[in-house]
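Participant: These protein sequences, in sequence, are chains L and P.
Sequential numbering of the first sequence, starting at 370, is according to this note's numbering.
Sequential numbering of the second sequence, starting at 156, is according to this note's numbering.
Everything labelled a hint here was simulated from the structure, so no lab data went into it.
Be careful, since some hints might not be right.
SDA-like, lysine to any residue: derived pairs with alpha carbons at most 20 angstroms apart [said to hold, decoys possible]:
{"id": "1", "chain 1": "P", "residue 1": "LYS234", "chain 2": "P", "residue 2": "VAL312"}
{"id": "2", "chain 1": "P", "residue 1": "LYS346", "chain 2": "L", "residue 2": "LEU570"}
{"id": "3", "chain 1": "P", "residue 1": "LYS362", "chain 2": "P", "residue 2": "ARG214"}
{"id": "4", "chain 1": "P", "residue 1": "LYS292", "chain 2": "L", "residue 2": "GLU412"}
Computed from a prediction, not measured in an experiment: that's the story for all the values here.
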Amino acid sequence: MTGLRQTNEEARRIRAIFEAQGAQVVETDILQPADTLLDLYGEDIRARAYVTDDSLRGELMLRPDFTVPVVQWHMETNAEPARYTYSGKVFRMQEDDPSRPNEYVQVGYEVFDGQAPIHADAEVFALIARALDGLNLRAATGDYGILTAAVQGLNTTDVRKSALMRHIWRPRRFRSLLDRFGGRTPVPAARAALLATAEPLSGVTVLGLRSEAEVAARIDTLRHDAAQPPIASEQIALLEEILALRETCPNVLGHLRDIAVDMPAISAAVTRFARRLEALSAAGIDVDSLEFEGNFGRTSLEYYDGFVFGFYADARPDLPAVATGGRYDALTRVLGRGRSVPAVGAVIRPELVVALRGQV
Amino acid sequence: MTIKLGVPSKGRLMEKTFEWFADRGLTLVKTGSEREYSGEVQGIAGVELVLLSAGEIPRELSAGRIHLGVTGSDLVREKIPNWNSRVHELALMGFGGADLIIAVPNGWVDVDTLDDLDAAAAQFRRTHGFRLRIATKYHRLVRDFLRDHGVADYQLVDSQGATEGTVRNETAEAIADITSTGETLRANGLKILSDSLVHSSQATLFKSRTAEWLQDDRATLNRLESLLRV
Numbered sequence: 370m371t372g373l374r375q376t377n378e379e380a381r382r383i384r385a386i387f388e389a390q391g392a393q394v395v396e397t398d399i400l401q402p403a404d405t406l407l408d409l410y411g412e413d414i415r416a417r418a419y420v421t422d423d424s425l426r427g428e429l430m431l432r433p434d435f436t437v438p439v440v441q442w443h444m445e446t447n448a449e450p451a452r453y454t455y456s457g458k459v460f461r462m463q464e465d466d467p468s469r470p471n472e473y474v475q476v477g478y479e480v481f482d483g484q485a486p487i488h489a490d491a492e493v494f495a496l497i498a499r500a501l502d503g504l505n506l507r508a509a510t511g512d513y514g515i516l517t518a519a520v521q522g523l524n525t526t527d528v529r530k531s532a533l534m535r536h537i538w539r540p541r542r543f544r545s546l547l548d549r550f551g552g553r554t555p556v557p558a559a560r561a562a563l564l565a566t567a568e569p570l571s572g573v574t575v576l577g578l579r580s581e582a583e584v585a586a587r588i589d590t591l592r593h594d595a596a597q598p599p600i601a602s603e604q605i606a607l608l609e610e611i612l613a614l615r616e617t618c619p620n621v622l623g624h625l626r627d628i629a630v631d632m633p634a635i636s637a638a639v640t641r642f643a644r645r646l647e648a649l650s651a652a653g654i655d656v657d658s659l660e661f662e663g664n665f666g667r668t669s670l671e672y673y674d675g676f677v678f679g680f681y682a683d684a685r686p687d688l689p690a691v692a693t694g695g696r697y698d699a700l701t702r703v704l705g706r707g708r709s710v711p712a713v714g715a716v717i718r719p720e721l722v723v724a725l726r727g728q729v
Numbered sequence: 156m157t158i159k160l161g162v163p164s165k166g167r168l169m170e171k172t173f174e175w176f177a178d179r180g181l182t183l184v185k186t187g188s189e190r191e192y193s194g195e196v197q198g199i200a201g202v203e204l205v206l207l208s209a210g211e212i213p214r215e216l217s218a219g220r221i222h223l224g225v226t227g228s229d230l231v232r233e234k235i236p237n238w239n240s241r242v243h244e245l246a247l248m249g250f251g252g253a254d255l256i257i258a259v260p261n262g263w264v265d266v267d268t269l270d271d272l273d274a275a276a277a278q279f280r281r282t283h284g285f286r287l288r289i290a291t292k293y294h295r296l297v298r299d300f301l302r303d304h305g306v307a308d309y310q311l312v313d314s315q316g317a318t319e320g321t322v323r324n325e326t327a328e329a330i331a332d333i334t335s336t337g338e339t340l341r342a343n344g345l346k347i348l349s350d351s352l353v354h355s356s357q358a359t360l361f362k363s364r365t366a367e368w369l370q371d372d373r374a375t376l377n378r379l380e381s382l383l384r385v
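Given these sequences and hints, build the entire structure.
Facilitator: Shown next, in the form of structure tokens:
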């Protein structure tokens with residue numbers, strides 16, 4: 370590949386910026402155990418990652434990203450605060466668009482710091498902005514913390530809240546759950562018939578590993594849920610308002626403060642958002658023109674759960690994001706088996722930087 | 156030059172394919188002994204018959220090694236990424252019909268829709284510590300279908316045969332498989348989810364977009380298309 374030398378030079382330049390910030394260089398294996406990644410991402414990762422296997426180690430994946438091995442590495446050493454940088458190739462199968470590369474270089478920067486998470490958010494964003502300076506990119510941001518606070522603040526059962534939280538990444542399923550919990554879609558006929566039956570399990574044999582007790586438990590859950598009032602339409606409207614936000618950050622802040630009057634549950638998340646804007650501003654970012662989207666990044670296969678952002682070349686809509694990043698505390702909780710470390714990070718694709726610089 | 160027509164080499168699918176062409180005035184004949192996989196097309200010049208396993212026909216079409224091929228529409232969608240950029244459907248042949256569906260145990264009286272399957276998968280994963288297993292050989296079709304419908308917390312386990320038995324053997328909790336009458340599903344204590352039609356398959360005559368089509372070949376194709384009325 371002709372541009373690889375330039376890409377590697379660019380990767381070294383970016384990594385030097387990250388190292389100057391105090392990041393320690395980490396290396397990870399290219400072959401990663403598949404079970405960890407499959408358990409985290411589900412079947413979708415099979416459509417995206419190259420899977421191979423050997424008779425001793427079982428299924429392995431060519432690393433589809435660095436985040437998981439870097440988190441695992443950090444969980445073993447566990448020094449905090451810690452800053453890491455890495456650069457190397459990741460591998461992504463392209464089933465639909467053969468013109469997109471299936472291996473490309475990522476340079477990353479990850480911060481594990483539970484003491485000052487808001488400043489860590491701002492530090493990572495500002496550092497990426499600095500590394501990409503001069504490329505005339507548009508940055509977009511979002512905040513899952515606000516969305517999850519709004520779901521948690523709904524006046525409804527924990528069962529419904531956790532169903533919504535579980536599908537926060539899947540807009541279509543989230544939408545249909547919201548419609549059902551809000552009483553906007555009718556109960557399916559089979560569900561109604563089941564609920565009308567006094568002893569639906571009498572005379573039934575349940576085959577397989579999912580036991581009769583599990584079926585009975587779910588029927589109880591359904592009966593309990595059917596007895597609950599629908600989520601108030603005013604609350605759903607507020608949630609939809611948050612998802613539809615698409616303005617500059619200061620305008621969004623004003624808007625969110627208005628919403629918080631009717632939905633006090635988001636107040637703490639809105640305060641964090643305001644403090645993050647201050648921290649970004651102090652780090653030299655022009656927040657007055659910074660875009661915010663309530664729906665940012667919801668369809669990508671990722672694991673972020675707080676501040677999220679991306680940098681885009683509007684002049685080249687054919688190119689993917691030049692850089693993406695965000696906070697992923699929940700991922701560290703899953704990988705740490707209960708132990709969690711607040712973490713935020715981002716990656717830059719140097720070959721896109723080279724491509725764009727060639728046009729400037 | 157000749158164009159190559161790939162058809163299934165054995166069984167009912169081969170017989171029905173031969174009949175379909177015969178109804179349109181073209182005789183496909185196996186040459187040599189019964190066990191030899193070579194043949195010819197009578198009734199048109201310039202078409203060569205290639206007998207192949209139905210499962211290999213998608214690959215041969217996609218690679219452009221045969222110009223035309225008869226196989227199930229399910230196999231083409233499963234085996235060829237971006238299938239409609241590599242092959243083109245010339246004719247739905249009206250036989251070999253079967254539906255790719257998702258089925259669960261009859262005893263799951265709480266599960267009738269994909270929505271229920273998703274909720275049961277979440278509960279299963281919480282209870283058992285691993286994702287609910289769906290046995291199938293149609294990985295691509297089923298994965299795309301479940302992603303489109305927002306079903307989470309499942310995993311696909313490969314099953315190349317006797318898939319209906321995997322639930323009883325506790326190697327899977329649900330299955331995704333081809334069925335025409337539903338008889339085997341019922342015999343194994345399984346029921347079809349009401350909104351789980353992944354793909355309705357039938358034998359289809361495909362044209363390869365990647366094969367080399369010389370001018371003579373195109374003329375042959377035109378004559379063939381008018382004979383077949385497609």
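Participant: Tell me the hint numbers this structure goes against, listed in increasing order.
Facilitator: Of the numbered hints, all hold.
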